[in-house]
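**Q** From first to last, the protein sequence lines stand for chains L and U. The first sequence runs 1 to 125 under our numbering. The second sequence runs 1 to 662 under our numbering.
Incorrect hints may have been included.
[Unchecked claim] Here are some of the chain U residues that sit facing chain L, going by a computed Cβ distance under 7 Å: (1) C394; (2) D396; (3) I432; (4) G459; (5) H475; (6) G476; (7) V477; (8) Q484.
None of these hints come from the bench; they were simulated from the model. Glycine included, every Cβ here is placed at the ideal spot set by N, Cα and C.
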Amino acid sequence: MNKVDEIKQISGVNPLKCMKCGKCSASCPSFNEMDIKPHQFVTYVVNDDVEALANSKSAWKCLSCFACIERCPRNVQPGKLIDAARQILIRQRGQEGLSADEIPALLDEDMPQQLLMSAFRKYRR
Amino acid sequence: MRRIGVFVCHCGSNIAATVDVKKVVEMALLEQGVVHAEDYPYMCSEAGQSRIAEAIREKQLEGIVVCSCSPRMHEATFRKCAERNGLNPYLVEIANIREHCSWIHKDMQEATEKAVILMRAAVAKVHLNAPLLAGESAVTKRALVIGGGIAGIQTALDIADAGYHVDIVEKEPSIGGRMSQLDKTFPTLDCSACILTPKMVEAASHENITIHTWSEVEKVSGFVGNFTVDIRKKARYVNMDKCTGCGICQEKCPSKKPLNEFNRGLNNRSAIYTPFAQAIPNVPVIDASACIKLNTGKCGICEKFCQAGAIDYKQQDEIITEQYGAIVVATGFDTIKLDKYGEYAYNESKDVITSLELERIMNAAGPTKGHLERLSDGKAPKEIVFIQCVGSRCSDDRGKPYCSKICCMYTAKHAMLIRDKYPDTNVTVFYIDVRTPGKNFDEFYRRAVEDYGVNYVKGQVGKVAPQPDGSLLVHGVDLLENKQILKKADMVVLATAIEPNPDVRKIATMLTASIDTNNFLTEAHPKLRPVESPTAGVFLSGVCQGPKDIPETVAQAGAAAVKVIGLLAKDKLKTNPCTAKADELRCNGCSQCANVCPYGAISYETKQVNDHGIREERRIAVVNSALCQGCGACTVTCPSGAMDLQGFSNRQIIAEVDAICR
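Extracted from the complex, chain L is given alone in its bound form:
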């Protein structure tokens, strides 16, 4: 499977539904930290440049706050795209990110489960 199909499959997102309104970028708390802005994610996928997306700073600056997913009027949900880009990168290198053994020491009872899931994907040893 090529990268474009892979990112579409992992994310379940059809980037062609985007109408370029920019509500994702308007909502993103990490906007200033990102080199590729949320509204540009779809363009990278459409232009067959998933590599650049996976290797961007943005992939690791996304907080997984889901604001863009919540507010996207077209169900494009750029947060899912960048999450998929991260996964592609992780799968490529055969790295699991966080090891399950390390979790108990890090646990905080206020921590949402979703964050834990994101952490598995995001942080490397």
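The hints should help you fit chain U onto chain L, whose structure is shown.
**A** Just chain U now, kept in the frame of chain L:
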């Protein structure tokens, strides 16, 4: 055995690119009774029809099958062609090999196979078709317009000017609709009331127009040319003949709590009220839920002050029944509810408003007497942010998938008017696209930018956050600069999506008029019959059919009126002869058919019958063919198989099924 002709249309490449038309012709010639078969690029064209005419004459055809588009498109065309050439029009059958075949298939072999099957079914049916004769029904020369906004008023005026009587039914206390709530109209900036009120007065004083305000359509029965409509005239508690419209009752009424609907709930009104000063009729209504007298029996102040003695607390709802030949739906629109858009803080802050609310604020008769001020503290806003496409163009479950069409223009209008009247107020518009097709529309938008300095930002707003100091922090993005914007604003205006008036569902059901997934009424044909509903005798005017601005609404209102006039000008209408008929020998008088008939077309008679030599009196169903619309409900309900639909008889349908399964 009938002599059948089969005509296969290419429809250019619409059919021929997917269906092997030559093969269909070849297979048709193998069918029983088929003495002629041919194909032609456009069967509906003059040349195509003359081929049919020639075949009827030369081959003495007794039945015709046209394999072409949907019967909704050209059944009438081919029936007329047959009739002109001496063949009963009901001996024509259409095999729909376009919508049901070529358009939905890609594989030529499969599509051809299906086209052949559809052709076979039609041939099998036409063998059993009976030559039917259309009857006639009279036309009631009176029209009903549901909704008294600009669409309804214009339609009524145009019909009335042609000499036919029109009734307008409006559920609010006054006609005028949304347009009466607007301050100025784009792109000429005329005052909305100044151009609307003369039309309202004209409608009210027109000898051919009767206006029923504070009234709703309760029940509709009948059919094109002969509708019977029950109208509920809600109790006004004010005698319309006596009231002089002096307004003292509203002034003295002690119940001042109800939200003023006309001002979009931005201020309050009295329990007895007229929605606005230029209301027509200028007769107030009492809001029964808020009236102290009606709820507690004490008060009666309005009655005491009314010099005309017009107050009548005993008034009851009244149902009147009228006959109409045509019905026009002009039920208009409302803005969507914003409960699902928490990010814009509409329910949190009084200073986040919809554009229609801004319209009332800008209006001299509005809650702030036309002064632009914040509803929270009455201060003049110095920084205003407009957000476009709120709830429009959304494919999620929060908004509407369509473009509301009017928002780009009214936002440019608001921005321009504010910059003109309050030059020290900054105006920023966040937009996705600026859509301004229309005469003088783009010029208007550019004037807002170039001459009035309105700041248009390409991008959306993600969040509006009310601040402790009363301001609003707008989180937006400028996509062209690729920068996030944090802007402190005093007021935020949301270009809220419009939707058909929620009541339209109820009305469409009563009229058996179809509506789409967004509750817009469906046209008989989206391009060629845009002001007619697929239900005969029902016409569409204004936003109930789709989003449109005032000039478009007025144009459509006129078009709907022309269609109504064309109908009312006829003395007789040809009725559809495909009606139900009861077999006297099989009917056992059980009444089940009459119970399901939506048109009240079935009654019972006691008749003398001769059942295989036994003479006896039986109660038998009789169908009034003028009322029957051929829906077929009775034929499937009848337990003894006595009901049959002419043109779609049980035998014909079984023959079709047999042919398909062969």
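**Q** Determine for every hint whether it applies to the structure shown.
**A** Right, here's what the structure says about each hint:
1. C394: OK, holds: C394/U within 7 Å of chain L, min 4 Å.
2. D396: With a minimum Cβ separation of about 5 Å from chain L (threshold 7 Å), the hint on D396/U holds.
3. I432: Where the cut-off is 7 Å and the nearest Cβ of chain L is about 4 Å from I432/U, the hint holds.
4. G459: OK, holds: G459/U within 7 Å of chain L, min 4 Å.
5. H475: 6 Å, holds
6. G476: Since the shortest Cβ distance to chain L is 5 Å, the answer is holds.
7. V477: 4 Å, holds
8. Q484: Holds, about 5 Å.
Of the hints listed earlier, there is not a single one the structure fails to meet.
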